[in-house]
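Whole structure, please, built from the sequences with the hints as guidance.
Residue 116 in full-length UniProt numbering sits at position 116 of the sequence shown, and the numbers go up by one each step.
Any given hint could be a false lead.
As the list claims (entries may be wrong) - In silico DSSO-like links for lysine-lysine, alpha-carbon gap of 30 angstroms or less:
| hint | residue 1 | residue 2 |
| --- | --- | --- |
| 1 | 117 | 101 |
| 2 | 97 | 32 |
| 3 | 97 | 81 |
| 4 | 117 | 70 |
| 5 | 32 | 101 |
| 6 | 70 | 32 |
| 7 | 81 | 101 |
| 8 | 70 | 81 |
| 9 | 133 | 101 |
| 10 | 32 | 117 |
| 11 | 117 | 97 |
| 12 | 81 | 32 |
| 13 | 117 | 133 |
| 14 | 70 | 97 |
Said to hold, decoys possible - Taking CB as the label site, the calculated pair distances span:
| hint | residue 1 | residue 2 | range |
| --- | --- | --- | --- |
| 15 | 137 | 72 | 34 to 42 angstroms |
| 16 | 94 | 29 | 18 to 26 angstroms |
| 17 | 71 | 130 | 15 to 23 angstroms |
Since the hints were made in silico from the structure, they are not lab data. Built from N, CA and C at the ideal position, the CB exists for glycine as well.
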Amino acid sequence: MCPSGRITSSLTAASPDFRPAFEIIDADRDGKISSDDLRAFYAGIPRSSSSYRDEEMMIGTMISVADANKDGFVGFDEFEKVLETVPSCRSGNGLMKDVFKVMDRDGDGRLSYGDLKSYMESAGLDASDDEIKEMIRLGGGDSNGGVSFDGLLRIFGC
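So, in structure tokens, the structure goes:
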């Protein structure tokens with residue numbers, strides 16, 4: 001989903017490019033996912049109430065499952081390995097649903113031009129107006145209706 005041609009190449013690649021999803025979660029852009037990154041990521045997702053303890057347990061479990069080298073962080077290679085074990089992005093991949101919810105700023109179930117532009121800016125990703133329009137087109141959407149969850153999966157090459 002990054003600009004400069006990675007969108008197109010991820011759609012034609014034999015395996016999906018998980019880098020855009022990794023970059024969404026890596027809030028501090030240090031090249032690894034920490035517990036703080038996951039807290040920040042999940043803070044942007046509306047959900048039913050859960051206790052702080054439950055949330056901390058969930059985040060700790062997510063880190064420990066993916067952290068193959070046991071350094072307390074999830075590097076891209078570890079992240080990619082976990083996602084490659086998922087049969088497909090379409091078969092209930094909760095991570096992709098969470099990514100969609102974070103990006104869907106107005107909560108209407110579609111990623112509009114404004115949602116994508118706002119997300120790209122907040123993530124520090126430089127995307128031109130034409131590149132954002134191309135993302136929407138690749139996702140099967142239009143400038144008025146935006147992109148559905150299935151469209152986001154197409155953008156990511158799932």
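These are the hints, each one checked on the structure:
1. 117 to 101: holds (15 angstroms)
2. 97 to 32: holds (21 angstroms)
3. 97 to 81: Distance of about 19 angstroms is within 30 angstroms: holds.
4. 117 to 70: Violated, at about 36 angstroms.
5. 32 to 101: OK: residue 32 and residue 101 at ~22 angstroms, within 30 angstroms.
6. 70 to 32: holds (13 angstroms)
7. 81 to 101: holds (23 angstroms)
8. 70 to 81: It holds: about 15 angstroms lies between the C-alpha atoms, which stays within 30 angstroms.
9. 133 to 101: Holds, because 20 angstroms separates the two Cα atoms, which is no more than 30 angstroms.
10. 32 to 117: holds (24 angstroms)
11. 117 to 97: holds (19 angstroms)
12. 81 to 32: holds (14 angstroms)
13. 117 to 133: holds (10 angstroms)
14. 70 to 97: Cα-Cα ~27 angstroms, so holds.
15. 137 to 72: 34 to 42 angstroms: holds (40 angstroms)
16. 94 to 29: 18 to 26 angstroms: holds (23 angstroms)
17. 71 to 130: 15 to 23 angstroms: Since residue 71 and residue 130 have Cβ atoms about 40 angstroms apart, the given range 15 to 23 angstroms is violated.
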